[in-house]
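Asker: Listed below, chain by chain, are the residues.
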Amino acid sequence: MDISDIECINAYLGGDRDALAPLVEKYKRPLYSFILKMTEGREDADEIFQETWFRALKNIEKFKHKNFLNWLFRIAHNLVIDRARRRKKHVSLQSGIGGDEDGNATLEDHLAAQGITPAEETGGTMLGVQIEEAVKTLSPEQKEVFMLRMYGNVSFKEIAKLQKCSINTCLARMQYALGKLRSILKDEYEELQEAMS
Amino acid sequence: MKCQDAEKYILLQDSGEMPEKRANELAAHLHDCEPCQEFQFSLIESQVHFQTLEEEPSATAMQNVLREARMNTPEGRNVRLPHFGWRPAIGMAAALVIGLGLFFGQYSSDQVAMELVMTETQLLETEDQVASTIYDGFSDDDLAFNFLMTYEDSFASL
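As you go down the protein sequences, you meet chains V and E in turn. If you're matching positions, the first sequence starts at 0 in numbering that gives the first Met the number 0 and goes up one per residue. If you're matching positions, the second sequence starts at 0 in numbering that gives the first Met the number 0 and goes up one per residue.
Hints were generated in silico from the structure; no laboratory data involved. Careful, some of the hints might be misleading.
Unchecked claim - Pair ranges (Cβ atoms, derived):
(1) E/V96 to V/R28: 34 to 40 Å
(2) V/R84 to E/I89: 47 to 53 Å
(3) E/A88 to V/T168: 52 to 58 Å
To be verified - One-sided excerpt, in silico: chain V residues whose CB lies under 10 Å from chain E:
(4) L12
(5) G13
(6) D15
(7) L19
(8) E24
(9) I34
(10) L35
(11) K160
(12) C164
(13) A171
What the hints assert, rightly or not - Result set (DSSO-like, lysine-lysine): computed pairs, CA atoms no more than 27 Å apart in a straight line:
(14) V/K156 to V/K65
(15) V/K135 to V/K156
(16) V/K179 to V/K156
(17) E/K1 to V/K185
(18) V/K185 to V/K160
(19) V/K25 to V/K160
(20) V/K156 to E/K20
(21) V/K142 to V/K163
(22) E/K1 to V/K179
(23) V/K163 to V/K63
(24) V/K65 to V/K185
(25) V/K57 to V/K160
(26) E/K1 to V/K156
(27) E/K1 to V/K142
(28) V/K185 to V/K27
(29) E/K20 to V/K160
(30) V/K65 to V/K163
(31) V/K135 to V/K57
In this text, a Cβ means the ideal position worked out from N, Cα and C, and glycines have one as well.
Given only the sequences and the hints, what does the whole structure look like? Please build it.
Answerer: Below, the structure written as structure tokens:
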């Protein structure tokens, strides 16, 4: 674990009220970005982000992991799963994907993150928007492996523990996710590759 | 090395988990295999793009987290003190102080002297007890002077 992480945690345990503020600041972007991709929009992501920290604060004396960010990801992963399970009960199975005549929430509504993406907000690159779209087509497990690698640089060993599967399964999920991105973004990647060579 | 395996090793290399003995084998494969080069390129390119797409929580969420952190500070209960050495020592010191206090409280010389004085006084007649209380602490000279002053008139008439 990062030395400064240990120092911050020990200072907090020693009674320094503001000692965790640098850690909250340091990890807000990777943690929130991961949660946002795994949930249904900013409101949900904000709630889970807060809840992740609340749980971390409650159990900080028990923290024995090597990597604090990995620990936060683990808590967030559990919260995302809990929420998805609760939501699943509310989604009408009869409505199916693609529509409900009564205007109720459909399965499709609950899968993809709503709202304006950062690429759209900044009027950003077409590639950024396409990546966002491509990610939405991945299964939750594939998406999670991909996001943990992209945002948290979490090792495959850690991801395997988190997803309770083998490292090979995690690698296969990542391969599939990258393969899918490549197939969707083939033209853009080729252009970039040519420009770089 | 097959492309399927090479892709796995590219991913493991990226996460820093690849066995060292496979490094040369992968490098040789990548040198000749265009699809695997593309796979590696797409991995690197995705990382670049996702880092630029990182987002921040709302200001309210951040404030709530920081407020909760301040409110739930462990208040120094986990400060790493050598508990095992101090606790018994403090207990023993407290027991010793109490023991010494009881000992000196019960057998102190002041208290013994007080008991003897009280006993001697109680042995006297009631009137003598009053005189003893009044003149207690007077020296012999004081008592002689007091006697002379009391009976001065009687001596004068003689």
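Asker: Now tell me, hint by hint, if it's right for this structure.
Answerer: Structure-based check of each hint:
no., hint, verdict
1, E/V96 to V/R28: 34 to 40 Å, "violated, 58 Å"
2, V/R84 to E/I89: 47 to 53 Å, "holds, 51 Å"
3, E/A88 to V/T168: 52 to 58 Å, "holds, 55 Å"
4, L12, "holds, 4 Å"
5, G13, "holds, 5 Å"
6, D15, "holds, 7 Å"
7, L19, "holds, 5 Å"
8, E24, "holds, 8 Å"
9, I34, "holds, 8 Å"
10, L35, "holds, 6 Å"
11, K160, "violated, 13 Å"
12, C164, "violated, 15 Å"
13, A171, "holds, 8 Å"
14, V/K156 to V/K65, "holds, 13 Å"
15, V/K135 to V/K156, "holds, 25 Å"
16, V/K179 to V/K156, "holds, 23 Å"
17, E/K1 to V/K185, "holds, 22 Å"
18, V/K185 to V/K160, "violated, 32 Å"
19, V/K25 to V/K160, "holds, 24 Å"
20, V/K156 to E/K20, "holds, 19 Å"
21, V/K142 to V/K163, "holds, 15 Å"
22, E/K1 to V/K179, "holds, 20 Å"
23, V/K163 to V/K63, "holds, 19 Å"
24, V/K65 to V/K185, "violated, 38 Å"
25, V/K57 to V/K160, "holds, 23 Å"
26, E/K1 to V/K156, "holds, 23 Å"
27, E/K1 to V/K142, "holds, 25 Å"
28, V/K185 to V/K27, "violated, 32 Å"
29, E/K20 to V/K160, "holds, 25 Å"
30, V/K65 to V/K163, "holds, 19 Å"
31, V/K135 to V/K57, "violated, 33 Å"
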